[in-house]
Each structure stands twice: as C-alpha cells, then as structure tokens.
Amino acid sequence: MRDVVILGVGMTPFGRHLDKSHEQLTQMAVRAALADAGVEGSQIDMAVYANVIQGFFAGEMSIPGEYALRPLGISGARSFHVEQACASSTVGLHLAIDYVKAGLAEIALVVGVEKLYSDDRAKRFAVFQQPRDLVEARDFIGKTAHLLQPVPEGKQSESPNVLMEAYAAQARLHMATYGTTQAQIAAVAAKDHTHSQWNPLSQYREAMSVEQILAAPQVAWPLTNPMCAPISDGASAAIVCSAEMAKRFSGLPIRVLAAENRSGTDRAPDDYAKHVTRRVSAIAYEKAGLGPRDMHLAEVHDASSIGEIIQTEALGLVGPGEAGPAAERGETALGGRIPVNTSGGLVSKGHPLAATGIGQIHELVTQLRGGAGGRQVEGAKVAIAENSGGFYGVEDGMSAVTILARS
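So the sequence shown is residues 4 to 410, counted in my numbering.
One or more hints might be untrue.
Unchecked claim - Here are the simulated distance ranges between beta carbons:
1. THR184 with ARG270: 19 to 27 Å
2. GLY76 with LYS126: 42 to 50 Å
3. ARG296 with GLY376: 25 to 33 Å
4. ASP22 with ALA246: 20 to 28 Å
5. ALA271 with SER212: 34 to 42 Å
6. GLY324 with LYS146: 15 to 23 Å
7. PRO220 with GLY339: 25 to 33 Å
8. ILE286 with LYS384: 39 to 47 Å
9. ALA246 with PRO323: 34 to 42 Å
10. SER212 with ALA179: 25 to 33 Å
11. PRO74 with GLY324: 46 to 54 Å
12. GLY182 with GLY339: 18 to 26 Å
No lab work stands behind these hints: they were computed from the structure.
Glycine included, each C-beta is placed from N, C-alpha and C at the ideal position.
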C-alpha cells in the first residue's frame with residue numbers, strides 16, 4: 004500500500020449561484036484544484052463526481068460527471084458517480100484514496116457539486132421532504148419523546164420542516180442527558196459565525212453574538228435560525244495521488260493519515276458511547292497512530308449547531324457533555340485548545356450537500372499549508388474532518404472521518 008497525499012484543492016464560494024449550472028460550478032472548482040496541484044486535466048486517470056439532487060432537481064440523470072469534466076480534458080479515465088447524502092464527496096474522496104493507495108489509479112480527481120437554490124419554492128422545499136426521510140425523522144421524534152427535555156412554556160411551535168424538528172429533538176435529548184443549555188448551543192453557533200468573517204468563500208461572513216443568536220427567529224426549540232445550516236449552491240474538488248507521484252508536480256502535498264467511513268447501527272438513542280462517529284474515529288485514530296489529543300483543529304458536520312456538539316464529543320476532542328461548556332470557555336474557538344470549524348462550519352460557510360465534505364478538506368488543507376489568513380490556526384500540523392450522511396434510526400446514516408497531516 005502506497006502513501007497517499009492530497010496534492011490540490013479548489014472550491015467555489017458557497018451561496019447563491021442562480022446564474023451558474025452544475026457544470027459551470029464543477030468546472031470552477033476543478034480548474035482551481037488542477038491549478039493548485041500543478042496537474043493537467045489530461046493527466047487524471049480516475050474521476051469521481053459526487054452529487055445528491057441533480058437528477059431530481061435539474062432533471063440531469065445520465066452522465067453529469069462526464070458532461071462537466073470532459074471539456075476540461077478529463078477523458079479516458081476510470082469514472083464513478085457517488086451519492087451518499089451530505090457525505091457524498093467525502094466518500095468519493097475515500098474511494099479515490101483507496102484506489103491510489105492500492106496502485107489502481109495514479110492521479111485521481113474528486114469533485115462534489117450541488118445547486119439547491121431555485122425560484123421554484125415548492126421544488127426546493129421538496130428536496131428536504133423526501134418520504135423515507137420524513138418517516139425516519141418522525142420515528143426518531145416518537146421513540147425519543149419520553150427522553151427529551153421539555154419545551155419551555157411559550158416556546159412550543161411546529162416547524163414546517165420535520166427534519167428540523169428531528170434536529171431539535173437531538174438537541175433536547177443531549178440537553179436531558181448532559182445538561183447542555185440553549186445558551187451553549189448558541190455559543191457554538193456564535194463561534195462559527197465569528198470564524199466565517201475571515202473566510203472569503205463562506206456564504207455568511209458576519210460575526211454574531213450569543214445574544215443575537217438566541218434572539219433570532221426560532222426554527223424548532225431550542226434551535227434558532229443562525230444555529231441551522233442554510234441551503235447553498237457550490238462545488239469543491241481535490242486531487243489525490245501517491246506521495247511519490249506528488250514529487251513530479253508543483254502542488255504542496257498534504258498527507259492522508261486515515262480515511263475511514265462506516266454506516267450507523269441500531270442503538271439506544273442516548274447511548275452516545277456507540278455513536279457511529281465514535282466507532283469510525285476509533286478506527287481512524289488507530290490507522291493514523293494518533294489520538295484525539297494529537298489533533299490541532301477539526302472540521303465537523305454541523306447541519307445544526309447541536310450536530311457540532313455531538314460530533315466534537317464523538318471524536319473524543321472533548322469529553323461527553325463537555326462540548327457546550329468548552330465552547331463557552333473558548334476552547335473550540337480560534338486561539339483555543341482545539342479550534343473547531345474554523346471555516347465557519349455548515350451553519351455559516353454553507354451546506355451544498357455533496358460539496359460539503361471536500362469543502363471541509365479544502366479548509367484543512369489550507370490550514371495545514373498555513374494559508375488561512377485571519378482564521379489561521381498557529382502551528383497546525385495535524386487535522387481531522389468528520390462528515391455525516393443521512394439519518395437512519397437514531398443517528399447519522401453514516402459517518403466519514405479523515406485525518407490529514409502537514410508533509
């Protein structure tokens with residue numbers, strides 16, 4: 004098995020791109036990644052295209068990757084199309100890493116792209132109201148109702164999006180289990196919105212205080228609007244090759260120490276010790292020969308800010324029930340012990356589904372190279388990303404963990 008590196012990354016700004024197609028967004032990110040790596044499109048011998056809703060939303064269900072990539076000179080290559088919900092591009096990245104590691108590919112491209120904005124409000128809303136998603140969300144709310152912290156008097160309201168109700172139920176379960184407070188969830192969101200002001204690719208770039216976040220419109224108690232990821236358009240891309248091959252090019256390689264993903268399991272809702280991310284991260288740490296205390300920063304999946312709390316604890320970066328208090332103490336902010344979501348996280352950087360995973364990798368590569376500007380983590384040498392996909396039973400449908408290190 005060969006040592007593998009990420010040689011180049013590229014990413015569009017996340018946000019509203021009504022004037023651009025999936026192909027155009029893909030090509031923007033891929034051109035940036037190729038230039039960053041110093042690689043020509045004709046040198047790519049494996050291409051992975053990650054997308055979730057292009058077929059449903061745009062009616063483009065045939066070979067979207069080939070349509071987007073061949074104009075860039077990427078042809079005659081192994082070709083894959085990956086859909087794994089919000090973890091699509093990370094799973095695509097892991098596929099490419101495994102192929103390169105095994106010697107089945109030399110230079111691989113992975114790109115994730117999504118367009119969620121549309122003038123058709125009903126169609127846009129339908130993306131997040133797919134039948135099986137609704138069944139799982141309602142089942143989770145029902146099976147955990149007796150475990151949840153009650154909604155305070157006067158805060159009861161029903162969100163039109165049952166997925167947000169499920170996120171809120173996760174928050175109330177964590178609150179009941181560990182004593183987490185709404186103010187602590189707001190502290191996590193405030194930290195991420197503050198980080199995003201230094202990220203030129205972030206969808207939102209305005210700092211917010213805990214008080215502003217608590218005073219914002221409620222989505223589903225205890226979650227307010229700034230605690231939840233917006234819909235987004237965007238694309239992100241990465242070039243993967245062996246460490247030996249990287250010597251031929253001008254890109255600054257970042258080593259892949261571990262790339263692991265696993266599906267969730269059936270467990271008790273409040274048995275966080277068996278959380279899918281805890282299981283996957285244990286495997287990843289063992290493969291890397293490192294532990295949580297060796298990480299210098301992390302990007303974690305925060306479709307809502309309670310997600311960051313749960314994932315930060317599952318990765319072992321803080322103890323059970325400690326992510327909220329750690330955020331209040333500044334431990335997970337820039338300058339703290341373990342900065343989390345320096346990009347702004349999904350709640351501020353944006354969440355274009357299939358592009359989210361490599362968006363996280365783009366941030367970690369930028370940090371490990373020392374090029375993150377005002378949000379740079381000083382002395383960053385090792386970093387971890389956690390990216391979740393879907394929801395099934397009582398937890399994420401799957402979780403993907405990637406550990407990277409400065410060469």
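task = Check each numbered hint against the structure and report the violated ones by number, ascending.
result = 2, 4 and 8
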